[in-house]
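Join the two chains, each given in its own frame, into one complex according to the hints.
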Amino acid sequence: MELYMALAIGVLFAVGVYLILSKSLLRIILGTSLLTHGVHLLLLTTANLKTGAAPLLGEQAESYVDPLPQALILTSIVISFGVTSFFFVLAYKAYQRLGTDDMEELRGNGDE
Amino acid sequence: MNNLIVLPLLIPLVTAVVLIFLQKKTKVQRWISLVSVSINIVSALLIIGQVKEKGIQTLYMGGWLPPYGIVFVADMFAALLVLTTLVAAAGCLLFAFRTVGDQREKYYFYPFFQFLLAGVLGSFLTGDLFNMFVCFEVMLISSYALIVLGGTKRQLRETLKYILINILSSTLFVAAMAYLYGTVGTLNMAHLSLRVAEAQQAGILNVIAILFLIVFALKAGLFLFFWLPGSYSVPPTAVIAVFGALLTKVGLYAMIRTFTLIFYHDAGFTHTVIAWMAAATMILGGLGAVAYKDLPRILNYNVVISVGFIAFGLAVATKDSLDGTVLYLIHDMIAKALMFILGGMIIAAAGTNKLNEMGGLIKKYPALGWMFFILVLALVGIPPLSGFPGKVLLVRGGIGEGHFWLTGVAVASSLLVLYSLIRVFMGAFWREDPLLPASEKKKWHGAAYVSAVALFMLVIGLGLGSEWVYSYTGQAADVLVDPSIYIEAVLKE
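Protein sequences appear in the order of chains A and B.
In this text, residue positions in the first sequence follow the numbering used here: the first is 84, and each later residue adds one.
In this text, residue positions in the second sequence follow the numbering used here: the first is 3, and each later residue adds one.
Excised from the complex, chain B in its bound form (with noise of 0.2 angstroms):
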């Protein structure tokens, strides 16, 4: 028992509820949201500490035991995603500040914000299927409203089909956990993991299992990601820098802790299924990014590649791609959320998001031009930066595995990266400028480039200090290579 784990819930939900009487007064919403972040920074790492001491943390909720309750648990795998997920947050609302715009700070911006990020957190630290269910609908009420904030024409063409997907997958997930409860007749995912084990997972079980892998491909963005490009390309850019960080990870965590905890005893049947999917994911993402000319497309279709990248990970399924897989998770939230952040600024600047208009940025933006020059090498993987230790463990569990097709997929995928963000350097920097007069150079506001520029040290930090984040990261994966370790720790007297 532990009470400090539902902490980065708590914080969230009291804030968003605060918030709301706060309507007017924008400049006391946007310190109330920070120091609120701020806060759950530091119980993130309160856990972080505890369960790097002492294993496994849960909480039970009214001090009923599991299976009975609803029971959180925070490994370290959870607690390093909700760490993460915090400080990505911090630098999203941070440059939310002046760009999202007075109306939309007004009308709700930062509470939807903060409920956001209670769904998102809740999805990690909870132990309990239906409950993660409850989460995710928290998270997603809230991206629909952040979403279409603001009720332009195409903000409102989009969220239709945004919201319309998302029940869709929302309730193949009810009927997912109805299957579920009929066939094992519990919802804890402890108690789910040693139930399905007692079944040998045969027949039923693995077709709730391909269930369970739609519902979360079509949350994550694996495979089934056609509504991702269009969605998230119309509300502002701190919102979209939020979503492309935090909502298909969310997914992906999601499908990450069912495969590992759960439906692991057929792997030869379900992994492959997820190779299969994360290798055409990689390929059709690859190829969208590719293929626009519009700087919003682009960034959306990295976000894609990197989906198909992860569960590529989970499909190999070994302890090196485990390990690979949490340590490219985390680098991959922090670096999405500033290439987001900092093609929002490129698309200010230039005053459009087509590369073909944009030109000659470099000589009025230099720190811009290179912190997004140094991104895009730690996106592909370039040794000394934070892309890189992931992908080599996760190439060298491919190769280990004998998985050569996916890992040579995924090794090219990384050259589709890099062609696509350095023709957005090169044509946004580099190339000089006829079709526009010299605009005046944009002058930014404080807290804008001080989102971006921590960021990007922690980039850089993440790729420096791989080792030291290996020593947590490894205990993560420990608990996905061996869900007894999890087990044991939610259903102990």
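Extracted from the complex, chain A is given alone in its bound form (with noise of 0.2 angstroms):
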């Protein structure tokens, strides 16, 4: 399972670090979205995806699944949340002010 759950890690990534290389600044933002959501994947992958029950004591199972990464996912997930819906309201703000979103025009030089 770790296995298949690694290629789609990598897909993500790739695709990810395909779209951050792109012109157009919404491709962007969409790029940082799907390398946050690889990296999550890839924090509840490596630590082990073995059947358990899900880490509730009313459950009364033999064996849980491990709940730390679920809480440092939970976190990292507010915390892009945040950060992404900043990135939009920037990305709409330079759009309006600047009239571009093509990221070869945001350049500017280096003398003004």
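In short, the hints are calculated from the structure, not lab data.
Each hint should be verified, as a subset may be incorrect.
Stated by the list, open to error - Keeping only pairs whose Cα atoms sit at most 35 angstroms apart, straight-line, the calculated DSBU-like set for lysine-lysine is:
#	chain 1	residue 1	chain 2	residue 2
1	B	Lys155	B	Lys295
2	B	Lys163	B	Lys108
3	B	Lys54	B	Lys356
4	B	Lys366	B	Lys29
5	B	Lys26	B	Lys108
6	B	Lys163	A	Lys106
7	B	Lys366	B	Lys295
8	A	Lys176	B	Lys108
9	B	Lys56	B	Lys163
10	A	Lys176	B	Lys27
11	B	Lys321	B	Lys56
12	B	Lys494	A	Lys133
13	B	Lys54	B	Lys108
14	B	Lys163	B	Lys321
15	B	Lys26	A	Lys176
16	B	Lys155	A	Lys106
17	B	Lys321	A	Lys176
18	A	Lys106	B	Lys356
19	A	Lys176	B	Lys295
20	A	Lys176	B	Lys29
21	B	Lys295	A	Lys106
22	B	Lys108	B	Lys321
23	B	Lys366	B	Lys356
24	B	Lys356	A	Lys176
25	A	Lys176	B	Lys56
26	B	Lys356	B	Lys29
Owing to the predicted nature of the structure, the values given are computational and were not obtained by experimental measurement.
Right, dumping it as structure tokens:
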């Protein structure tokens, strides 16, 4: 199972990196959110996907899955959500003020 | 257990929340933020006193013993950096009072400033890797807000790049932690150190170490500093001063911590990589500092050079060089804050940031001129001033370990610092100014001058009292040389 997850995460990373290297700002933001998806799945996967009950003591199971990575992922998800929403608003504002979403045109000259 | 050591994090956090409710009352905001930083300085001093007397202080959050709970650790290194951060921040805050402008002050400048402080201080004090990531994010998100606050076209453009780079490096940070957790099954730094020592840091752990190096290098501007000169030249000077003094240093602190506490077993591999990156940073930063003719860029490349210089101390990693690293880091945080504050005053006085269009400022602003001149000497490391003791120890450590090449580059980089900054001094202060007709003398607000003079006295005091300062920094470096002291303090019953 971990192998398939690793492959899926690899694809997410590849697509994310490809999108980040493109010109349009929206594609870049999509790329960053794909990357964060990949990294959250990675956090889940590296802690092993052994079968066990959901980490709720009411389940009264023999074994449970590791609860720590789930807490880490939850933290990381809200952080990346906050950052992504800020990034979107920033891109919107930049489009309004600068009139372009093309990264080539957003270079600026070092001399202004 | 010692509840005092969470205070440096708690005070700015509470202050920031209170300041949000006082949005329109800028005068009240100023006073509250200044008082809060002052109280925090006192708490940092108390912590240093305790660490000096009783050794490393720890606090187990919620009473959960490590490795199960989050632990806060104040060893001398962290405590000294907390104090230095607060002193530099107080200077920048005083400078910000009248210089950032009314509009920014009304739109939550001071709350963002306090949140930034909370993030920085939390990163220094935490003993848990994931908690460090969270504190990094607190710091970075406030820095996004501070860098774009004001919303000019240049700010919007550069913030887009800054935010993208930092999202990437944060993503890599989480990935590195995922690998590390998958390999050794813990995230508490002291416990990590034990587990990595058991595994002899072979194979995968070396890969993870390099991944961490890349993450922290992106944050600190070590070799991967391509984002820094552009991003750090758009916000107002008070903000750049905070960034230049604090943000890159947090990345450096994280790097020093991980590579002296966790990944120190295969120094032949990891520390060689750090050495190459440090050398490249010093050379490239030096070239940048010499190449440009506008003041913000020259100052920004000087930040890059000093990052390389501090990483050089980490790469050598003997007692001497780590002593020097701690001393130099403390000097550099204060001196860089002062450098940007004086730079901002020069730009405001000349009305331009182009070196070619400045000139003749010494007649109108003699105090500013001579302070800048002496600061340049301090940054280069001329003996009685604060840059000297750190540099001497670093160079002695480098030569003692046979890193002649690297030491040569480090010494040569000091010359480039000297050249680039003296060029600023001669251009801005000495030359006659034919281009601009005598602009009228700018009246400084008292607060700006007070902050500059106070930091200036500190730069001199750190140099003259280096023997006394060393009695503290030496203790900080002891922990870096021998991680078992740290592990014992955290994991003791």
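- List in ascending order the numbers of the hints, as given earlier, that are violated by the structure. Numbers 3, 9, 13, 14, 17, 22 and 25, in rising order.
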